[in-house]
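Visitor: We have chain F; now place chain D onto it with these hints.
Protein chains: 2
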Amino acid sequence: MSGAPPENSPRVVILGAGFGGIAAARALASVPVHTTIVDRNYYNTFQPLLYQVATGGLNAGDVAYPVRNLLRRRHALDFRWGTVERVDADKRAVFLGDGTELRYDFLIIATGATINYFGVPGAAEHAQAIYTLDDALAVRRRMFEQFEHAVSAGGEGGVLNVVIVGGGPTGVEMAGALAELRTLILDSSYPSLDPQMGSVLLVEQKEALLGGFEGPLAAYAQRELTRRGVEVRLSTAVREVSAGGLTINSGEEASTFLPAGLVVWAAGVAASSVAASSELALTAHGRIEVGPNLAIPGRPEVFAIGDVAATPAPGGGHPLAQLAQPAIQGGHHAAREISAALSGAQPTPFSYKDKGIMATIGRRSAVAEIALPATRRLLPLRGTPAWFAWLGLHIYFLLGGRNRAAVLLNWAWRYVSWRRGPRVIVGG
Amino acid sequence: MSGAPPENSPRVVILGAGFGGIAAARALASVPVHTTIVDRNYYNTFQPLLYQVATGGLNAGDVAYPVRNLLRRRHALDFRWGTVERVDADKRAVFLGDGTELRYDFLIIATGATINYFGVPGAAEHAQAIYTLDDALAVRRRMFEQFEHAVSAGGEGGVLNVVIVGGGPTGVEMAGALAELRTLILDSSYPSLDPQMGSVLLVEQKEALLGGFEGPLAAYAQRELTRRGVEVRLSTAVREVSAGGLTINSGEEASTFLPAGLVVWAAGVAASSVAASSELALTAHGRIEVGPNLAIPGRPEVFAIGDVAATPAPGGGHPLAQLAQPAIQGGHHAAREISAALSGAQPTPFSYKDKGIMATIGRRSAVAEIALPATRRLLPLRGTPAWFAWLGLHIYFLLGGRNRAAVLLNWAWRYVSWRRGPRVIVGG
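First to last, the protein sequences are chains F and D. This note's numbering applies: residue 1 is where the first sequence begins, and numbers increase by one. This note's numbering applies: residue 1 is where the second sequence begins, and numbers increase by one.
Chain F on its own, in the form it takes in the complex:
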């Protein structure tokens, strides 16, 4: 909402229009700089609801927001559609895929992550990731194609089985939504198929689901999933994924082949390739190392935030999880640091405020740990209260009034009619 700053104002380039990049751009609106956001898509994706696009509950457009809509009445904010080839930190320049060179005084790297297949053979080829909007649409298309193939071919060979790899929030939400969807759809739209024919299996390498949550909530989530027909296998590693299913370990040496028509990969993310191509120091997990104020060591004008950065956690130890909140707070902090640097102030360490975590399992069932404002202690919630908290917060954080209204409409419709809204496969 600011007026245009002077022509010779410092130039900030933000790589990536995800949670972190958008938060930084918004916070920079009150700083006298020219800001350019670069992204390979024209839109910001609300990733926490991708699983609902994948399971037909929402339209793709409901969770996507055009980056240029943020530009209205902000004269000091530009958008450039393009891929980032590399960062030349010595030259203070970003090179885009089309050869464009963008010079900067400050740089915020917020390019997010790519899928981490952990070297499992066949996973990249045959498992379906769920990190982008295209991924979500691909999951949806493949799932409905499964049903249609089962109608014409009969459901032999486990063609109707779905396996979800990874028991974190994404995997749990996918498994719950898929199980509910399949029950509903098999009943209403595929009366000729045997409802017992397919299965939904959730595979997790650790001993419990939802690593970051406290034990009772994780146990509740597992019970709720089981009640919805999801088979949960813990302490189970995936050895290989193939066209017809996947191989898991079953005991010390033994392995079992599970036939499946669809394998969804929700096991983890790695930093995006921009990190690797830019000669920046990376952690063992491929994330960019950052100092206490989120600037890169030795480069006080370059910040890395969100999934791509190894953001230090308050107590030390593992870096912060690759979730929306660390990215948003990191974006705000980077913008504050740029403002401080312009006025000659000293760097301030980033201090993460844990607002809690949540995951939904299905209709009126979710788990949440919500930070209480006064004490910052985490309040555990489950069942209907957690589900309504989840609904409210997701609506609140969506970008754009139209998207909020459309998501509310789709959810209300589904809640009342107890059917799915749009479940159409488009493209491909």
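Incorrect hints may have been included.
[Claimed, not checked] Beta-carbon label-pair distances, calculated as ranges:
| no. | chain 1 | residue 1 | chain 2 | residue 2 | range |
| --- | --- | --- | --- | --- | --- |
| 1 | F | S343 | D | A153 | 30 to 40 Å |
| 2 | D | L391 | F | Y396 | 28 to 38 Å |
| 3 | F | I395 | D | D187 | 21 to 31 Å |
| 4 | F | A153 | D | A254 | 56 to 66 Å |
If you're looking for bench data, these hints aren't it; they were derived computationally from the structure. Treat the numbers as computed from the prediction; the structure is a model and nothing was measured. The beta-carbon is built from N, C-alpha and C at its ideal position, and this holds for glycine as well.
Guide: Only chain D this time, still in chain F's reference frame:
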């Protein structure tokens, strides 16, 4: 809503889940037959609103309705996802792309149309049709890519020009929506681009727009388009389409090259390929010849309806236009004829009831000729009354309550906020 008819009931196969096929399937619900609908998509597309998907006003899912949703509680209705290879009328069988053979007692061919490029060189390769949902999404993607390319490359060489070929309802609606969209978007999201840089050109071979409408309405539509910045060129034939634009005739022998970043082909449709591959008698325009009751001559058990059929017009002359109403009424008639044949009644000729035609040009501007119930005379409407009539009828004819609500929401949002709703490019 019928119970299941006896196992040995006659089998009806409907090819195509468009307006005609769906209308026939619904009408057959009260006839004691088993019905199978075949379509290459799992969804019915509401084609009259495709241009709004193309111009970012609606989500793809808003104008698509899963065919299987029609199957709920209809035990005698099946859906088969697949392509039709050919019809063997002697054997009374349809062969699908996957080798499946569907036997029928009655067949309704409602496979619609494909784009007719009228042999114009380069048109099939370089012009973008707008007949399917994928087409509409491709137009949208290419249009926004135009804008982004103009930002990075600077709009030279007419990269921002759009040419729409064909001045029928589809071309007029596309041109009006594109012109409004460009004004809005250039202003709000591309402040760095010169609003004068691109142009929207509508090319029509005949001497007037909107062939089927009365003269004053067509002239009104042309004025309204011009007022919105659309350049209209009548009596202009397209000679060639290339990657960078198109060549039109300009006078007897001369031709002119017009640079354009996007050429939208709205010039006409031909019958689908199923007609050609099935040894049925076709008209010069490739449509299936049908008798007075819409059955194929010599094949009283095979009907052809909608865009694929040369449905006789009430007064003779040209067959009915390839629009929704002839398809819907044809579907109802074919179902009645099947019911009559089962009870040994004589064939009844199809009698088309003209309910009128309409086309929208932009915000509060449309033209319509609406048949008055009593006299069947056509009432000409234009401006705001025609626009509201257009809105109401399109909502009414949409399939599915959720889609109706979503389209209403998007339209209301846009009307109030005077912005576009979803304008996101997904896929590709």
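Visitor: In ascending order, which of the hints set out earlier in this document are inconsistent with the structure?
Guide: none
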